[in-house]
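Novice: Next come the chains, spelled out residue by residue.
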Amino acid sequence: MVNGLPAVTALLPALLFAATGLTLLLVDTIRPDARSNTSMAVVGAIGSLAALAASVWLTASGAVNPDSGAVLLFADAIKVDTMALFFTAIFASVTALVLVAAHDYFHDHDNPAAFYSLVTFAATGMAILAVANSLAVVFVALEMVSLPSYVLVAYLKQNRGSVEAGLKYFLVGALSSAIFLFGISLVYAATGSLILSDIASASIEGLTGVLGVGIVMMIGGVAFKTASVPFHFWAPEAYEGAPAPVSAFLSSASKAAGFVVAFRVFTEAFPIEMAVAANIDWMLAFAILAAVTMTLGNFAAAVQEEVKRMLAYSSIGHAGYALIGVAALTVDGPANGTVMGAAMAHLLVYGFMNTGAFLFVAMAERWGVGRTFADYAGLWRRAPVASVAMAVFMFSLAGLPPFAGFFSKYFLFQAAIDNGFLWLAGLGAINSVVSLYYYSRVVKALFLDDPASPSALDAIDVRPTALYAAVVFAAVATVLLLPGFGPVIETAEAAASALF
Amino acid sequence: MVNAFAYVPAIVLLPFFSFLVALGAGRYLPKGGAFGGIAATAGSFLLSIWVAATVAGGQAYNETLYYWASEGGAGIGPTDIELSFGVLIDPLSALMLVIVTLVALLVHVFSLGYMNDEGETGLPRYYAGLGLFTASMLGFVVADNLLMAFMFFELVGLCSYLLIGFHFREPGPPSAAKKAFLVTRFGDYFFLVGVVAVFATFGTAQFAGPESFPALADAALNGSGSVAWTPGGLDLGTWLTVVGLLVLGGVVGKSAQFPLHTWLPDAMEGPTPVSALIHAATMVAAGVYLVARMYGFYVLTPTTMAVIAFVGGFTALFAATMGVVKDELKQVLAYSTISQYGYMMLALGAGGYVAAVFHLTTHAFFKALLFLGAGSVIIAMHHNEDMWDMGGLKSRLPVTYYTFLAGSLALAGIFPFAGFWSKDEILYEALVHGLNDPLLLGGYLMGLLAVPVTAFYTFRMVFLTFHGEPRSDTARDPEPVGWNVKGPLTVLGSLAVVTGLINMVPVQKVLGLEGIDLLHRWLDNEWGGIEGLSSHHYADIGPYNSGYLVGGEVGTVLVGAAVSLGLALLGLGLARRLYDVPSPTEHTAKLGGVKDVLYNNYYLDELQVWLAHRTEDIAGGADTFDQGIIDGVVNGVSSVSLTGGGRIRKLQSGVVSQYAALLTFGLVALLLVLGATGGWFL
Numbered sequence: 001m002v003n004g005l006p007a008v009t010a011l012l013p014a015l016l017f018a019a020t021g022l023t024l025l026l027v028d029t030i031r032p033d034a035r036s037n038t039s040m041a042v043v044g045a046i047g048s049l050a051a052l053a054a055s056v057w058l059t060a061s062g063a064v065n066p067d068s069g070a071v072l073l074f075a076d077a078i079k080v081d082t083m084a085l086f087f088t089a090i091f092a093s094v095t096a097l098v099l100v101a102a103h104d105y106f107h108d109h110d111n112p113a114a115f116y117s118l119v120t121f122a123a124t125g126m127a128i129l130a131v132a133n134s135l136a137v138v139f140v141a142l143e144m145v146s147l148p149s150y151v152l153v154a155y156l157k158q159n160r161g162s163v164e165a166g167l168k169y170f171l172v173g174a175l176s177s178a179i180f181l182f183g184i185s186l187v188y189a190a191t192g193s194l195i196l197s198d199i200a201s202a203s204i205e206g207l208t209g210v211l212g213v214g215i216v217m218m219i220g221g222v223a224f225k226t227a228s229v230p231f232h233f234w235a236p237e238a239y240e241g242a243p244a245p246v247s248a249f250l251s252s253a254s255k256a257a258g259f260v261v262a263f264r265v266f267t268e269a270f271p272i273e274m275a276v277a278a279n280i281d282w283m284l285a286f287a288i289l290a291a292v293t294m295t296l297g298n299f300a301a302a303v304q305e306e307v308k309r310m311l312a313y314s315s316i317g318h319a320g321y322a323l324i325g326v327a328a329l330t331v332d333g334p335a336n337g338t339v340m341g342a343a344m345a346h347l348l349v350y351g352f353m354n355t356g357a358f359l360f361v362a363m364a365e366r367w368g369v370g371r372t373f374a375d376y377a378g379l380w381r382r383a384p385v386a387s388v389a390m391a392v393f394m395f396s397l398a399g400l401p402p403f404a405g406f407f408s409k410y411f412l413f414q415a416a417i418d419n420g421f422l423w424l425a426g427l428g429a430i431n432s433v434v435s436l437y438y439y440s441r442v443v444k445a446l447f448l449d450d451p452a453s454p455s456a457l458d459a460i461d462v463r464p465t466a467l468y469a470a471v472v473f474a475a476v477a478t479v480l481l482l483p484g485f486g487p488v489i490e491t492a493e494a495a496a497s498a499l500f
Numbered sequence: 001m002v003n004a005f006a007y008v009p010a011i012v013l014l015p016f017f018s019f020l021v022a023l024g025a026g027r028y029l030p031k032g033g034a035f036g037g038i039a040a041t042a043g044s045f046l047l048s049i050w051v052a053a054t055v056a057g058g059q060a061y062n063e064t065l066y067y068w069a070s071e072g073g074a075g076i077g078p079t080d081i082e083l084s085f086g087v088l089i090d091p092l093s094a095l096m097l098v099i100v101t102l103v104a105l106l107v108h109v110f111s112l113g114y115m116n117d118e119g120e121t122g123l124p125r126y127y128a129g130l131g132l133f134t135a136s137m138l139g140f141v142v143a144d145n146l147l148m149a150f151m152f153f154e155l156v157g158l159c160s161y162l163l164i165g166f167h168f169r170e171p172g173p174p175s176a177a178k179k180a181f182l183v184t185r186f187g188d189y190f191f192l193v194g195v196v197a198v199f200a201t202f203g204t205a206q207f208a209g210p211e212s213f214p215a216l217a218d219a220a221l222n223g224s225g226s227v228a229w230t231p232g233g234l235d236l237g238t239w240l241t242v243v244g245l246l247v248l249g250g251v252v253g254k255s256a257q258f259p260l261h262t263w264l265p266d267a268m269e270g271p272t273p274v275s276a277l278i279h280a281a282t283m284v285a286a287g288v289y290l291v292a293r294m295y296g297f298y299v300l301t302p303t304t305m306a307v308i309a310f311v312g313g314f315t316a317l318f319a320a321t322m323g324v325v326k327d328e329l330k331q332v333l334a335y336s337t338i339s340q341y342g343y344m345m346l347a348l349g350a351g352g353y354v355a356a357v358f359h360l361t362t363h364a365f366f367k368a369l370l371f372l373g374a375g376s377v378i379i380a381m382h383h384n385e386d387m388w389d390m391g392g393l394k395s396r397l398p399v400t401y402y403t404f405l406a407g408s409l410a411l412a413g414i415f416p417f418a419g420f421w422s423k424d425e426i427l428y429e430a431l432v433h434g435l436n437d438p439l440l441l442g443g444y445l446m447g448l449l450a451v452p453v454t455a456f457y458t459f460r461m462v463f464l465t466f467h468g469e470p471r472s473d474t475a476r477d478p479e480p481v482g483w484n485v486k487g488p489l490t491v492l493g494s495l496a497v498v499t500g501l502i503n504m505v506p507v508q509k510v511l512g513l514e515g516i517d518l519l520h521r522w523l524d525n526e527w528g529g530i531e532g533l534s535s536h537h538y539a540d541i542g543p544y545n546s547g548y549l550v551g552g553e554v555g556t557v558l559v560g561a562a563v564s565l566g567l568a569l570l571g572l573g574l575a576r577r578l579y580d581v582p583s584p585t586e587h588t589a590k591l592g593g594v595k596d597v598l599y600n601n602y603y604l605d606e607l608q609v610w611l612a613h614r615t616e617d618i619a620g621g622a623d624t625f626d627q628g629i630i631d632g633v634v635n636g637v638s639s640v641s642l643t644g645g646g647r648i649r650k651l652q653s654g655v656v657s658q659y660a661a662l663l664t665f666g667l668v669a670l671l672l673v674l675g676a677t678g679g680w681f682l
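In the order they appear, the protein sequences are chains A and B.
The numbering of the first sequence is the UniProt record's numbering, which starts it at 1 and goes up by one.
The numbering of the second sequence is the UniProt record's numbering, which starts it at 1 and goes up by one.
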């Protein structure tokens, strides 16, 4: 650690998250009846922004960067490097947006306080997941993300849909955690270590099958967290039943948390050379998952009638795109770092545009205009700013220029082609065409369609300031990431290249 | 001392700010934002004067200010292309800055009388349009590379569209605006291809400096350099000709040269001050200015030069003949504008760089004057433009009459008004260079024939409008005009009389007085300038050499001037005989069948409509392809996705135990695939 700071400073973002969550919990414990929705939201948002600032500061000040190397803590169980901070920045941005938006969403909820602390605890888990360098830490952190998530999905206790979604999420999650844990134990059995670098250097003579099965089971755990096929079943129901800010949080931050595991564990614990030499081609597994996931997600999204469910499937489709980052890798591939960096950049852009889209849905739920495409008809007449922001999200998600989503997807596919995965990039392009169809349906409904009845828009009788602010901020970020894409992709590529 | 060149961006930005102000806050400001526009253009004008004075002090400026793509030449294409904004100030652009800002200033002032006092609505939009136009035009003038010029060229076109269609609630203006936009866009399409071709060929689009594309082209043709790319082994000279002609497409469109001139008469649907500023003095000049700007490139290819000269000469005569039969004041002026730009193109094609810039200058002043004079008449006549309803306005509008007369004398080319000097020099250049070149001589003869026609229609207009007896009630009792109309007219009227004095080449040649050809010396970098952008340099690398008639140089000068002046007086005399009578009558019937042809502008509009319909057929084919093949594929993907998606929806049953089963089977399948390929179970 440079600058003469203690090495543990590198954990500052996670510590800030944890401190924020504990503060919120403490206040709620002492005065459970105080309906301090506003102050809770403010404290939570400030804590997240502080974590964001800390991760940006750690990267920018050179305390942690590819040149000075990573910071290792606690007998190598924790490794803070640029990639970890990059992902922490994504988590923190999404958390801040969600917390701000939740203020209006839970305006009439009986006890909103727990919501803020649960989101912050989940974010703490994500921040730890990003720096985990040991499979034990990975598992604990993963559970730390999952457990609050289950509660968050079921947070509307009076709402049958929310409770049902929470239960389903929990059941599928429990099964997936079991599979993941079993996978870890098999890896440990084959290599005798849980530290990623030690796994990579362990001798696995005669135990290839055990290690292989363990790795595939770990892929299953990752697939659950990223909502990839065949572990995606929970996603449409959980996203649909959950409060919309929670859907935003799960589909953006939680998904990115799954990817940080995939990016770090698989490249560090099972380096490509070793995997290929031992005939454990996990890249192929990810390639299959990527292809199936993006196709299934996009094709299913095309037939949905409800906007939130469409976004849920589109989120599965985007998981498929991001999986290209761990699929299109080859031994000494010229673009290994580029393709993974592009996937990271895509997740960052996706964090803003997808969160923004779900928050727009949150706003629609707040207004009570209905859930289907038809219910959104003509919304722009009453809510022009939010509708324009939603159009930005939709076009950016579809990957149309001139929005940031175009660049990240373009770089991702280009890097995949450079690494010889033309088929994967081609499939991604076809899926993007499909996605344009259903994304533009939203825009068409908002701007071109006439409302079903003249009074249909009367429901829009409030201006939820905080939700508006969050949506507009996400839209501005989506647009500004276009000129600002240079530094983002450079940081991401540098961070990813350090893994190879 | 502060450097004037540092303020060049401000010249462009000041009108832009007035655009923003008029757009954003115009409705809260007095006069719809007019004063902001006047202040901004006045500021630009003063700065331009300062810049011109600095150039006169022996300096020039060629700086790239901002790279907006690939600084250092990384990333785009194989030839390290940099895309940038920059400023090029040399004698040519300094002169043009002064002209544009001065005319813009006067037009802003005039608009107070024409728009505000007439109670027009939508004034903020009007002044916003004027401001944006002025800014774009100035940006075009100072552009230091072809791409930047192209971008501002397009902005100028956009403003023209917006202002022609200012009265968008009437049927005529929107249609005229669309026509202007589409026709000029047709030319600009070639221009754009030309810009790309210049980038591909040279890797740069800079106008000036040792690394500029004219310099590289010159070196390559000399054999002392090479270009980055030519298509398919094409001979370099041929390719450069093609590139030159492509860029010329934009010029022909903007400067309303045959066959893309048809938009300009229709553009008269716009407010008259707009016609003065955009469709006479500045925007239409953009085409000619562009040729002058990259003249070092054009002179390298004799074929392009000959095409420019011939098109110019033809347009000059062709447009003049149509002006003879028009009944509306502004229509006559519109055709005269086309014709006069034809002269400038003739000059450029004939190697008369200075002559063209000279005529550009004088024309800007006297044509702006004529349009503003026409505007004043239109105010007085309550927006009736038919000359047959006028007559006798001379005594009722004295200021308008005398300034308009000065402008008309200049336009007709009568000694010693401004137009005489510049037109005479054009014809002289075309003659001396054309004696060795039949195509050029053809251009000269057409230009010469256009002289009496020009004088005829100009004075037909003057006599019908101002002389004789009033032929309608409004003409008997016209509305008086205010200071804001008379002021600009007076300024421009004086300029129309004296501008010719800046370049009295014939006098110098005949009397042997040295040093009175100020414009020649100005453009020859005698005070300040940039290497490779001087008239001398162009003459050195140009394809022409001079031939003289009897009596050598002096004799040729005298004969040429006498012939053109005689022809102009002939036309003037004929107009006087026919129309300077108390109650003139139409004489067009005497033309017989020709009359219909002229009235209908040689049926060119009909031809273009016919061509457009044929293009529509081709476009229809493309549309079928697009609908059938491209959309078919895309729609196919979507319909597949819809049916496929329907199946997936069935998979999502909502039963958790099924999810668990599918999840497990999925994992097992993945395990089997990987295990089988990896041979784990052996």
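It should be emphasised that the hints constitute simulated quantities derived from the structure, not laboratory data.
No experiment lies behind these values; they were computed from the predicted model shown.
For each residue, glycine too, the CB sits at the ideal point set by N, CA and C.
A portion of the hints provided could be inaccurate.
[Stated by the list, open to error] Cβ-Cβ distance ranges computed for the label pairs, FRET-style:
no.: 1; chain 1: A; residue 1: Glu-273; chain 2: B; residue 2: Ala-669; range: 24 to 30 Å
no.: 2; chain 1: A; residue 1: Gly-161; chain 2: B; residue 2: His-613; range: 58 to 64 Å
no.: 3; chain 1: B; residue 1: Phe-665; chain 2: A; residue 2: Asn-279; range: 21 to 27 Å
no.: 4; chain 1: B; residue 1: Ala-10; chain 2: A; residue 2: Gly-426; range: 33 to 39 Å
no.: 5; chain 1: A; residue 1: Ala-53; chain 2: B; residue 2: Asp-117; range: 56 to 62 Å
no.: 6; chain 1: A; residue 1: Pro-401; chain 2: B; residue 2: His-382; range: 50 to 56 Å
no.: 7; chain 1: B; residue 1: Thr-121; chain 2: A; residue 2: Pro-454; range: 43 to 49 Å
[Claimed, not checked] Residues from chain B shown here face chain A by an in silico Cβ test under 10 Å; the list is partial:
no.: 8; residue: Gly-547
no.: 9; residue: Leu-670
no.: 10; residue: Trp-680
[What the hints assert, rightly or not] Here are some, though not all, of the chain B residues that point toward chain A, as calculated from beta-carbon distances under 10 Å:
no.: 11; residue: Phe-166
no.: 12; residue: Pro-259
no.: 13; residue: Thr-262
no.: 14; residue: Pro-438
no.: 15; residue: Leu-441
no.: 16; residue: Leu-445
no.: 17; residue: Leu-663
no.: 18; residue: Phe-665
no.: 19; residue: Gly-666
Novice: Confirm or reject each hint.
Specialist: A quick look at each hint next to the structure:
1. Distance hint check for Glu-273 of chain A and Ala-669 of chain B: the Cβ-Cβ separation is about 27 Å, which falls inside the suggested range of 24 to 30 Å.
2. Between Gly-161 of chain A and His-613 of chain B the beta carbons are some 59 Å apart, a value that agrees with the proposed interval 58 to 64 Å.
3. Taking 21 to 27 Å as the suggested C-beta distance range, the pair Phe-665 of chain B and Asn-279 of chain A conforms, at roughly 24 Å.
4. The hinted range of 33 to 39 Å is not satisfied by Ala-10 of chain B and Gly-426 of chain A, whose Cβ atoms lie roughly 51 Å apart.
5. Roughly 59 Å separates the CB atoms of Ala-53 of chain A and Asp-117 of chain B, a value that falls within the hinted 56 to 62 Å.
6. Checking the proposed 50 to 56 Å range against Pro-401 of chain A and His-382 of chain B shows it holds: the Cβ atoms sit about 52 Å from each other.
7. At about 31 Å, the CB distance of Thr-121 of chain B to Pro-454 of chain A disagrees with the hint of 43 to 49 Å.
8. Residue-level restraint check for Gly-547 of chain B is violated (minimum Cβ-Cβ distance to chain A is 58 Å; threshold 10 Å).
9. Restraint check, Leu-670 of chain B versus chain A: the minimum CB separation of about 6 Å is within 10 Å; hint holds.
10. With 10 Å as the threshold, the beta carbon of Trp-680 of chain B comes within range of chain A, its nearest partner Cβ sitting at about 4 Å, so the hint holds.
11. Interface hint at Phe-166 of chain B: violated, since its Cβ lies 27 Å from the closest Cβ of chain A, which is beyond the 10 Å cut-off.
12. Interface restraint check: Pro-259 of chain B against chain A, minimum CB-CB distance 36 Å, threshold 10 Å, status violated.
13. Look at Thr-262 of chain B: its Cβ only gets to about 35 Å from chain A, farther than 10 Å, so that hint breaks.
14. With its C-beta approaching chain A no nearer than about 53 Å, Pro-438 of chain B sits outside the 10 Å limit, and its interface hint is violated.
15. Against a cut-off of 10 Å between C-beta atoms, the interface hint on Leu-441 of chain B is violated, since the closest Cβ of chain A lies about 53 Å away.
16. The restraint placing Leu-445 of chain B at the interface with chain A is violated, with a minimum CB-CB distance near 53 Å, outside the 10 Å limit.
17. At about 5 Å, the closest approach between the beta carbon of Leu-663 of chain B and any beta carbon in chain A falls short of 10 Å, and the interface hint on this residue holds.
18. Annotation: interface hint on Phe-665 of chain B holds; nearest CB of chain A at approximately 7 Å, less than 10 Å.
19. Given hint, Gly-666 of chain B at the interface with chain A, holds; its Cβ is 3 Å from that chain's nearest Cβ, closer than 10 Å.
Against the hints set out earlier in the document, violations occur for numbers 4, 7, 8, 11, 12, 13, 14, 15, 16.
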